[in-house]
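2 protein chains.
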Amino acid sequence: MFKEISQVLLQSQNVVILPHSSADGDCLGSAYALKLMLLQLGKTAVVLTDEDNPKICSLLFGAEEERPVVPDLAIAVDCGDLDRLGGRKGVFTSAPVTVNIDHHPTNTGFAAHNHVDSGEAATGQIIFELLEYMGLFLTKEIAADLYIAIASDTGRFSYSSVTPKTLTIAARLLEAGIDHVGINEVLFEKNPMSKILLMRDALNAFETYLDGKIALVSITREQVIASGANEEDAGGLILLPRSLETAVVAVSLRESVNKPLVKVSLRSNTVDVSGIARTFGGGGHVRASGCTIDGSIEAAKETLLAEIKKVMGCTE
Amino acid sequence: MFKEISQVLLQSQNVVILPHSSADGDCLGSAYALKLMLLQLGKTAVVLTDEDNPKICSLLFGAEEERPVVPDLAIAVDCGDLDRLGGRKGVFTSAPVTVNIDHHPTNTGFAAHNHVDSGEAATGQIIFELLEYMGLFLTKEIAADLYIAIASDTGRFSYSSVTPKTLTIAARLLEAGIDHVGINEVLFEKNPMSKILLMRDALNAFETYLDGKIALVSITREQVIASGANEEDAGGLILLPRSLETAVVAVSLRESVNKPLVKVSLRSNTVDVSGIARTFGGGGHVRASGCTIDGSIEAAKETLLAEIKKVMGCTE
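Chains A and B, in that order, give the protein sequences.
Numbering follows this note's numbering, with no gaps: position 104 of the first sequence is 104.
Numbering follows this note's numbering, with no gaps: position 4 of the second sequence is 4.
Don't read these hints as lab results, they were simulated from the structure.
Each hint should be verified, as a subset may be incorrect.
Under the rule of at most 25 Å between Cα atoms (straight-line distance), these lysine-lysine pairs were calculated in the DSS-like manner [stated by the list, open to error]: (1) K310/B - K213/B; (2) K301/B - K213/B; (3) K165/B - K165/A; (4) K213/B - K140/A; (5) K309/A - K165/B.
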C-alpha cells in the first residue's frame, strides 16, 4: 500500500513538502512529521508554507530551521487539488518527481505518485502508517506533530471520521511521551483575553428566532476594536450560537473593521447553508459556509434572516 | 487484581449500585455499565441516585427500569468517601456486603472490599478492566456507558490522567459500535438556553487578579433563578475562567439557590487546589477541587482570593 510512496522517498535526496494554503493543524502537523521522518532517513527536507499559523506553529517540532533546497521531489500534503497550493503551485509542478498524500475524498490525483485515502480521519493518520511501513522510529517530536494533526482534524477525536484505528494510533503517540495536555490546551482550550471579551459581547447580543431554531450573535466594529481581537478570535464566535441545543441554523454577524460590510458565518446540521451563502455571493460547505454583506449590521441581519426563514420554509 | 471484587460480585444476587451525589458522567456511566454487567451475570441490579442528571441520563443505557431490591451487596462507584453518598449513606452501610470502586486518590477505603486505583483516568476505565477480567461481553450499550464515563472524566481525552491505556480502551469502545459523535455533542457541544444565559452572566462578571494569573467568575442566586439553569449548567462555568490563557488558578463562585452559602470550583495546572478547597472544608483533586463557603458571595470571594494568593506566594 505504501510501497510506491516509500520507494519514491528513499530514491529522493532533496525534498520540499507543501501543506495547503490557509494551513491548519492536520496539514502542518503532517508536513513537519514527514520532514522529521525524511531527516531520519538522511535526506534534506524543507516545509514551504504560504502563510504562518502562529498558534499551531508554536506547538510543532521540526519547524526550527528551513534551508532552501533545489528539490528532486515535491510532496503535497493534505491538499485536495493543485490550486490549494496557492503561490507555491509552480514549486510543485516544476519538481522532477511529485507525490500527493491526502485524505480528502475530492482529491484530484494531481501528482505523479498519489496516495489518497478518504477513509482516514486525518492525513496525519496516513503519515503515521507510512512511518510504520518504512520502519522509522517514532520519536517524541514526530509523535507530537502527528497528534496535533489528528486531534485538529477530528475535533479532538469527536467527529464521525474517527475510527478505532484513530484512537489506537493516538495511544501509540502518547506512548512516545508527548505532552498531549499542552497540545490540547493550545489547540482547544485557551483563549486570550480579547477572545473572552468578544465572547461576552456576542453572548450579550445572543438572539433566537423561530422558537430557537435560529440562533444568532452579532458583533459591532467598535466591539472588535475594543476587544483587541484578531481574525482567528473573531472567527470562532459561530460556536456560541451553534452550541444552542435547539438551533437548526446558527449565524454570526461581524462588522469589518476597515470596510462598510458585515462578515457572516453560517452553520447547520440539516439545512444547506452553502445555498444561503451563495445568495449573498459567498460559499462553502453544506454545513458550514460564509459570505459578506454590504451595509450596516442591522440591515444585513434583516435580509439574512428573511433568506434563512425562506429556506427553512417559514414565511412569518 | 480484580479477584476479590469479582468473587464478591459472583456471590451476590441483589445488588444496589450507588454513584456519588451530584452525579457526573463518570459515576453514572460506570454505575449503569456495572448494572448491565451484573444483569449479564443473571443478577438483579439497580442504580440508586440522589438526583437526576437529565443530560447524561438521556445518553445512558440501562437506566430504563429500576425496581427496588433488598440488597445483599451495595457498591459505591466513583465515590471518595461515605458522605458523598448523601441521603443514601444508610442504604450502603446497612447492606451485608459492601464494595467501593473508585479512582480518587483521597478515597477513604470505606467498604469491606475496596478497589481504588488513582492511576486510572476514570472509574469507567476500572469498570472496563473488570469486565475484561470477568470475561463479560462488551455490548454496544455497556461500551456507550463506559465511553460517557471516560470521555466525561478526561475532558474528551485531554487531561494529564489520560494514558495510552485510556485511548486503547476508547478504541475498543468504538469497535463495539457506539455513537461517539452523538455522545460528544450532548456531553460537550450542545447547551440549553439556560446555560447560555448563565455563561453570559458569568462573562459579564469575569474578573482577573495578579495580572491575569487568577481568573474568576461569580454568579448570584438571582441570576441562577432567572436563567432557569440547573446544577449541571451551573457547574460547567468553571471552564470560562479556566480558558484564559494567562490563568494559573481558575475560580467560579455561585450562590446556592436554597441556602446562604456559596459553591466554589477551583482549577489549576500547577497549584494544588485541593489544599485550598480543604482549607474551606472541601476536597477533590490536585488540579480540580471544590468547596462551599457560608455567607455572601462578596465575603466568600474575599477570603478565597486571600487564600489563593497565599498559596501562590503572593501577599499583596
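Worksheet item: Which of the listed hints are not met by the structure?
Response: 4, 5
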